[in-house]
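Single-letter residue listing:
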Amino acid sequence: MNTHVRRLFAWLLFAAAATASAVEAPATPTLAAAVKATTSKSTTDHSQLDALKGPFKSGPEVTKACLSCHNMAGHQVMKSIHWTWEATNPTTGKKLGKKWAANNFCGSPLSNEARCTSCHAGYGWTDKNYDFSKQENVDCLACHDTTGTYKKFGTDAGHPLYADRDFEPMEGPPGKKLFKAPDLTRIAQHVGQPGRANCGACHFNGGGGDAVKHGDLDSSLKNPPRELDVHMAKDGANMACSDCHTFNAHQPSGSRYAATAKDKHGFDLPKDDHNRATCESCHGFKPHQESKINNHTDKVACQTCHIPEFARGGVATKMFWDWSTAGKMDADGKPLFIKDDHGHLKYSAAKGDFKYGENVRPEYKWYNGVVHQVTITDKIDDSKLLELNRVEGSAADPNARIWPFKVMRGKQPYDIENKTLVVNHVFGDDDTSLWKNYDYAKSIKAGMDYAGLPYSGKFGFIETQMNWFITHMVAPKEKAVPCAECHTRAADGRLAALTDIYLPGRDRNAWVDLFGGLAIAGSIGAGLIHGLVRVITRRRKENGQ
Amino acid sequence: MSAERIYIYKRYERFWHWSQAFLIIIMMISGFEVHGSYTLLGFKKAVQLHTLAAWSLLVLWAFTIFWQFTTGEWRQYLPSLKNVMAMVHYYTIGIFTNAPHPFRKTVVQKHNPLQRLAYLALLAFISPLIWGSGLLYLFYGNWNELGLAGYLSLEMVAIAHTVGAFMITAFFFIHVYLTTTGHTVFAHIKAMITGWEEADEHHA
Numbered sequence: 000m001n002t003h004v005r006r007l008f009a010w011l012l013f014a015a016a017a018t019a020s021a022v023e024a025p026a027t028p029t030l031a032a033a034v035k036a037t038t039s040k041s042t043t044d045h046s047q048l049d050a051l052k053g054p055f056k057s058g059p060e061v062t063k064a065c066l067s068c069h070n071m072a073g074h075q076v077m078k079s080i081h082w083t084w085e086a087t088n089p090t091t092g093k094k095l096g097k098k099w100a101a102n103n104f105c106g107s108p109l110s111n112e113a114r115c116t117s118c119h120a121g122y123g124w125t126d127k128n129y130d131f132s133k134q135e136n137v138d139c140l141a142c143h144d145t146t147g148t149y150k151k152f153g154t155d156a157g158h159p160l161y162a163d164r165d166f167e168p169m170e171g172p173p174g175k176k177l178f179k180a181p182d183l184t185r186i187a188q189h190v191g192q193p194g195r196a197n198c199g200a201c202h203f204n205g206g207g208g209d210a211v212k213h214g215d216l217d218s219s220l221k222n223p224p225r226e227l228d229v230h231m232a233k234d235g236a237n238m239a240c241s242d243c244h245t246f247n248a249h250q251p252s253g254s255r256y257a258a259t260a261k262d263k264h265g266f267d268l269p270k271d272d273h274n275r276a277t278c279e280s281c282h283g284f285k286p287h288q289e290s291k292i293n294n295h296t297d298k299v300a301c302q303t304c305h306i307p308e309f310a311r312g313g314v315a316t317k318m319f320w321d322w323s324t325a326g327k328m329d330a331d332g333k334p335l336f337i338k339d340d341h342g343h344l345k346y347s348a349a350k351g352d353f354k355y356g357e358n359v360r361p362e363y364k365w366y367n368g369v370v371h372q373v374t375i376t377d378k379i380d381d382s383k384l385l386e387l388n389r390v391e392g393s394a395a396d397p398n399a400r401i402w403p404f405k406v407m408r409g410k411q412p413y414d415i416e417n418k419t420l421v422v423n424h425v426f427g428d429d430d431t432s433l434w435k436n437y438d439y440a441k442s443i444k445a446g447m448d449y450a451g452l453p454y455s456g457k458f459g460f461i462e463t464q465m466n467w468f469i470t471h472m473v474a475p476k477e478k479a480v481p482c483a484e485c486h487t488r489a490a491d492g493r494l495a496a497l498t499d500i501y502l503p504g505r506d507r508n509a510w511v512d513l514f515g516g517l518a519i520a521g522s523i524g525a526g527l528i529h530g531l532v533r534v535i536t537r538r539r540k541e542n543g544q
Numbered sequence: 000m001s002a003e004r005i006y007i008y009k010r011y012e013r014f015w016h017w018s019q020a021f022l023i024i025i026m027m028i029s030g031f032e033v034h035g036s037y038t039l040l041g042f043k044k045a046v047q048l049h050t051l052a053a054w055s056l057l058v059l060w061a062f063t064i065f066w067q068f069t070t071g072e073w074r075q076y077l078p079s080l081k082n083v084m085a086m087v088h089y090y091t092i093g094i095f096t097n098a099p100h101p102f103r104k105t106v107v108q109k110h111n112p113l114q115r116l117a118y119l120a121l122l123a124f125i126s127p128l129i130w131g132s133g134l135l136y137l138f139y140g141n142w143n144e145l146g147l148a149g150y151l152s153l154e155m156v157a158i159a160h161t162v163g164a165f166m167i168t169a170f171f172f173i174h175v176y177l178t179t180t181g182h183t184v185f186a187h188i189k190a191m192i193t194g195w196e197e198a199d200e201h202h203a
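Protein sequence lines, in the order shown, are assigned to chains A and B.
At position 123 of the first sequence the residue is numbered 122 (numbering that gives the first Met the number 0), and the sequence of numbers has no breaks.
At position 194 of the second sequence the residue is numbered 193 (numbering that gives the first Met the number 0), and the sequence of numbers has no breaks.
No lab work stands behind these hints: they were computed from the structure.
Where a beta carbon is used, it is the ideal one built from N, C-alpha and C, also for glycine.
Check before you lean on any hint, since a few could be wrong.
Rough simulated footprint, nothing fancy, chain B against chain A, three-plus residues with beta-carbon under 8 Å [as the list claims (entries may be wrong)]:
id	stretch
1	477-488
2	501-513
3	516-524
4	533-539
Make a model of the complete structure from these sequences and hints.
In C-alpha cells:
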C-alpha cells in the first residue's frame, strides 16, 4: 500500500474513532483509590482500648477481647463459609464446600485437619469432632491484622505460633529453620479493614503453597504492577479484595461453586444488595466506547478478553498433578524430591509428579451458572476422564457466556470397586499417613475409616480434570485480547474449541465461498479472454488493411 | 475532423460515481478481511473501516436518491427489453468485427439496454441483500429490542451478507472491464471524469 492510501486509511479510522467517542461517553467506575486515604478513617484507635491492653498469649484470648465490643461479629463469622467450610450449591442444591467437594489437589481435609485448617477462620479444628459453636475460636486477626506479621502456622490447626519453633518443612531444603512467634498484643492493637495480604494468606496459597491452586491468585497480587492487575495495583485503582467481594455481616460475596455467569442486574447502587463480585456491578452493561464491543457481552464474559493470560506475576501455578507416582525413594532409601531448572518441585515422593505454567492462556468454555461438582461420596464413571466440576452451558443457552478457565489435570486415587473417590490420609505424625509412610494402602484405608465412608480396600488411579474460573489478574484495557486472536481461521485461535457458534473471521459456508470465488474468478477471466480476443481480432484487421 | 462531444455526466453524478466506487472498493477489501480471507489491516481495524465506509455510503445514497428524483434521472434505470439482443450480439460478435455500437448515448438515455438491466438487478436484488444483511449484522446487539432475536441467527445473516459480497465483487470486475469497450480503451472512464462523452468519430 502506498503512503497516500495508508494516510487515507488512517484518517478514516481516526474519523471513526472520533465519531464513536462523541456518540457514547465512556463509563468509568469511580476509582476506589480516590476513596482510600493513606491515613485511617476509623473512628476508633484500637491501640488505646483497655480491652486490648493484653498481654495476649493465644488467639482465642484476643478473640474474646474483640467480642467484648463487637458482640455480633462472632455469630456473623460462624455463619460464613470461612467458618463452616460448607456451602449449598444454589443451582443444584448439592452440599458442597471444602468438607464435601472433591478436588484433584490434596483431596479432603478429613483426617488431615491440623494441616488443612491452618486456613480455617478459626482456632483448634484438629479433628472431625470440632465444636463449631464456640465463638472464642473465631480467628479475627487472620483477616483484620494490619501489621502484616500475623501468621497462622502451617501445621497447628489454625493457631499461630505462641513460641518460636525449630521446624523442618517436608519439601524444603534439609535442616530445621527457626519460625518466630508473632506478637499478638501488638497485632491486636493494630487491627483494621482487611487488605490484599490478609485474604491472600489463604487464597494465594490454596493447595498448600503460593499459586498452587487458582492460577489467577498468588502472592504477586499483594502489591501488583498495573500490568498484572489494573484494579489492585497501587498505581491503578489500589483496590482490596473486599471492594468487589463485598462483605455483608461477615458474609463474603462471590462463589466459585456458582460464579455469576451473566450479571443481569448491573450497577450495584446503595439501594441494592451490596454484592459487587461481578464486573458489571461497577462497570455496567455498556462499558466500551464502541457498541460493536459492547455487543459481545451477551455471549462473552468480561474476563475472557480482559485476562489474556493467568499466572502473569512471575509465580508459576500447578497445571498437572499425578498422585499415582508418589512414593519413590532415592538410592539411600530416603524420599525423593526433584526440582526443575526453575526451582519448582517437579517430583515429590509425598505427592507425585507436577507440571507448572506461567503466563498461561486460559481454556474457554460456555458457562451458564450451573457447576456440576463431584463430591467425595458420589458414584463416578471410571471408564473415562472424570471432570470434577463440569460447567454447564452452550451457545444456544441464553444464560451462558464464554468464560476463561484454568483446567487443572491430574491423576488421583479412587476406590475401583465402589467407584468413588477416596479420602486420603496424607498428613499426620502417625503410622498410616502418606507423607510419613509413603503407602497408599494404609493412607487411604485410614482416611476412609476416619471419614466413616465405605471402602473396598482396592484402589486405583483415575485421570481427572477440574475447571478453575479465571477472574482475577485483570489487565489494563490496552492489554486486552486483540479481536484477531478469536476472529481468525488459525487453528490456534483462542476459541477454536467452541464450534457451536458462528464466529465472524473464523467461520464461513464452504459452498458460498466456493461458488462466490468461482464467480469472481469467472468475471475476471471472462474480461481477460474477451479483451484478448478483441486485441487479436483488431490486429488481424489492421494487418489485413 | 472534429468529434461530436456531449455533456453526459453532470458534476454531482461524477462525484457520486467516484466516491461510491472508492467506498465500495474499501468495503470489498475490508469486508473480505473480516470474512477471514486474508490479513491486511487486522480484524479490528477492518471492522471499523468497513463500518465507517458503510455509514458513509448510506449518507451518499441519501443525497443521491434525492438527486435522482429531483432531476428525474431515476428514469435512466427503467428497464427496456428493446434492443437487448442487439447489445448481446454486439458484445459477443460485433465488437470483434469492428461493427458499429448499436446504442448511441444521449443525455436522456445514457445507459444501453443491457446496462439498464444490470443496474436494475443491482438495485433490486444485490443491493437490498447487502444492505439488509449488513444492517442486521451491524445491529446484532439490538436484535432483542427489535424483536428479531427469535427469527435470526448470526450465521444466517453473515452468510447472506457474504453471498451479496461475492456478487457485488463479480459485478465490479465485469463493470470495470466493460469500461474499456468504448471507441478507445479509456474513452468511457474519461467521460466519467470530465463529464464529456466523445462520440466515436469513426462511426459518427
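Outcome of the hint check:
1. Given as covered by chain B, the stretch 477-488 of chain A passes the check, having 6 residues with a CB less than 8 Å from a CB of that chain where 3 are the minimum.
2. Restraint check on the stretch 501-513 of chain A versus chain B: 9 residues with Cβ-Cβ distances below 8 Å, three needed, restraint holds.
3. Counting residues of the stretch 516-524 of chain A whose CB lies closer than 8 Å to any CB of chain B gives 6, which reaches the minimum of 3, so the coverage claim holds.
4. Counting residues of the stretch 533-539 of chain A whose beta-carbon sits less than 8 Å from any beta-carbon of chain B gives 3, enough to reach three: the coverage restraint holds.
Hint check: no violations occur; every hint is consistent with the structure.
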